[in-house]
Amino acid sequence: MIDLKDVRKHYRSGNLKSEVLRGVNLQVKQGEYVAIMGKSGSGKSTMLNLLGTLDVLDKGEYKLAGKSVHKMSRGKRVRLRNEEIGFVFQHFQLIPNLSVFQNVLLPLTYGRKRLGKKKARVLALLDEMGLLDKKNQKPDRLSGGEKQRVAIARALVNEPGLILADEPTGSLDEETTENILSLFDRVHEQGATIVVITHDQEVADRAGRILRLQNGVLV
Amino acid sequence: MKLLTAFKLACFGLWSNRYRVVSAMMGVVIGMFAVIVLTAIAIGVKDTLMKQMGSLGAEQILVMPGRVLDTANGQKDLLSGLTSVPSTLTYEDAQAVENVPNVKTVTPQLETVNFVEYEDKNVQSAIVGTTDQYSRVQHAKLAEGRFFTKEEQQAEAKVVVVGNNIHDSLLGKNEVPDAEEGSSTNVVESKPWWKRILNKILGEEVSAEETSLVGKKIMINEETYEVIGVLAPNATLGSSTDNNVVMPIETALTTTDMKNLTKMIVEASSLDVVDEVDGAVFNALAANHSEIDFSVVKQDQMLGALGKVTSILQVMLVGINATALLISGTGIMNVMVMSVRERTREIGIRKALGATTFEIMMQFFFETLLLCIIGGAVGIGLGYAFIEVWNGNIEIFALVLPMWAVKLALYTSIAIGSLVGIYPALKAASMKPSKALRFE
Ligand SMILES: Nc1ncnc2c1ncn2[C@@H]1O[C@H](COP(=O)(O)OP(=O)(O)OP(=O)(O)O)[C@@H](O)[C@H]1O
Ligand SMILES: [Mg+2]
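In order, the protein sequences belong to chains A and B.
According to UniProt numbering, the first sequence is numbered sequentially starting from 1.
According to UniProt numbering, the second sequence is numbered sequentially starting from 1.
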């Protein structure tokens, strides 16, 4: 499913050049559940952004489901991201002006997939997440756990094959964390590939494989 | 449809930021309001002048008090003659002009403001002393009765023909407070509907008793005059006869203290001799005056001056409109750039979830465009309302709002929206999703 070969990425701020990824290699099979750990600032989000096609690598290769992402045009990448990848961002990233329902609907708004009854799909998903009674609320009226469930519903709405989650339990208590993790388990059972970033060993232990990002490489 | 989605998102974006949107829109609203009202003022002024000056026929020559200056290129600067100066023209001058060859008629006019009394009513009006040619030269038709004759003129008969407004006011048919303030430019048609209806009701009540002043006696300055005719309503501005009380010039000279003519309209016997008559009239008058303190003006000179006024108004209009548009345009752009900045995260999220650069660009472009169109429409509406209220209550001159001005304002707001919408849209579209998501 995922194949990263010697991926490098650096950022430049002013004259300062910081090499964040210095040759990352990663293979993830279809249906696998992988956790990535690492210190703050080690480049986990950077790597996930590359996987999610939100950013482009400097050097190396990235193949997703057999397609060479690093050679794709921007338009193709946007489409791939919309159709094949579900993103659960660090800090929820819900749009404050939009209701829960509208936030979950977003990927479908931009999608070219003919999913038929888009609204019915959103409602079914919200029902599954136990959020149906909050569908018209604005995100700032929700608890952290509820926000994260909305974010996960949004990631799942396009039925993507790959779920990328950046600290999905970052600021949640144990019970809510468990709640979210069992959601991930369910999605995984249904056949999705999951890559989750966490600093929490318990969260990482739920995955089939744990990798660590250190000094710009995965070990 | 991608565009439709972007349009819907733009509508939604405006709605969810409606408080900021309203303040941003104020610029366009005020801009378009200014455009509409100023255009209406300019057109209104132009129309007023047109009606005042344009009523001069091709074979007519206007003699006015005051000297019209010659400009460097030899043309007469009629604008300098528009300011009022004390008149030194007399009835004797008019009689002298009558003897000029090829002059068909001379219609001198004396004018003053005085109170006209009838029973318990007391109305201020413009008292005009003139000749039997007046109604023809001034294009004033009679509603009732007749105009005075040459014979009555010579006999200094105490007869008057009253303007429509004066007639109705004296009968109490219309309670026009403005007539008492001496405004001689009442525009009958521009009264608000409720006033008109009120007039109708009041008028009908009174008309049960009295419907016409013809044959009745009225008082002006302790003197009694018989009303022999009523002029039909004449909505032409400036040269309107609605608030006039017209009497033979000979009568006016003996019964009032009017001496100097406010103007004199000379008719040449044919178009071919107008130039010749023009010169002869000037010479005839110059012989009576020690200095040139009068002006003789032909229609083509009149039209030339009118053209000048019009072009000044046009330049003014373009300047003011451009300023209004520049200000409202930059205001909108600032707000939209700010909005894009504030919504960096939103843009990042949308892009991360599959929005294309084009879709983001169109969303923000449409937001700006809609903002301008809605603001423009509101401004035009307010401007229109202002003009209605003005025309209903203020009678100095009527504001005229041509359809092309409304269209122009609307198209300009669209043009501005499109123009200033480009930059914020490009700014939004060029954001990198990974960076935008890190934005706090
Ligand atoms: N857009 C950017 N511009 C400049 N520097 C960046 C950018 N994105 C990330 N960095 C830098 O790259 C390094 C890695 O950042 P990244 O967000 O990937 O870390 P992380 O492992 O996700 O940390 P955390 O656990 O705190 O989320 C940091 O030093 C960060 O400052
Ligand atoms: Mg991170």
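Incorrect hints may appear among the rest.
[Claimed, not checked] Quick look at which bits of chain B chain A covers, simulated, 3 or more residues with Cβ under 8 Å:
1) 314 to 324
2) 397 to 410
[As the list claims (entries may be wrong)] Taking lysine-lysine pairs in the DSS-like style, the calculated list, with each CA pair at most 25 Å apart, reads:
3) Lys104/B to Lys76/A
4) Lys259/B to Lys71/A
5) Lys67/A to Lys39/A
6) Lys8/B to Lys117/A
7) Lys59/A to Lys216/B
8) Lys8/B to Lys138/A
9) Lys46/B to Lys135/A
10) Lys39/A to Lys104/B
11) Lys46/B to Lys308/B
12) Lys76/A to Lys427/B
13) Lys134/A to Lys8/B
14) Lys216/B to Lys104/B
15) Lys8/B to Lys63/A
16) Lys29/A to Lys63/A
17) Lys17/A to Lys141/B
18) Lys63/A to Lys435/B
19) Lys76/A to Lys141/B
20) Lys5/A to Lys263/B
21) Lys5/A to Lys432/B
22) Lys117/A to Lys2/B
23) Lys432/B to Lys59/A
24) Lys118/A to Lys435/B
25) Lys150/B to Lys118/A
26) Lys46/B to Lys104/B
27) Lys76/A to Lys432/B
28) Lys29/A to Lys71/A
29) Lys308/B to Lys71/A
30) Lys150/B to Lys216/B
31) Lys119/A to Lys8/B
By construction, these hints were calculated from the structure, which means they are not laboratory data.
By construction, the Cβ of each residue, glycine as well, lies at the ideal position given by its N, Cα and C atoms.
Handout entry: Structure versus earlier hints, numbers of those that do not hold, lowest first
Key = The structure breaks hints 1, 2, 3, 4, 5, 7, 9, 10, 14, 15, 17, 19, 20, 24, 25, 26, 29; every other hint is satisfied.
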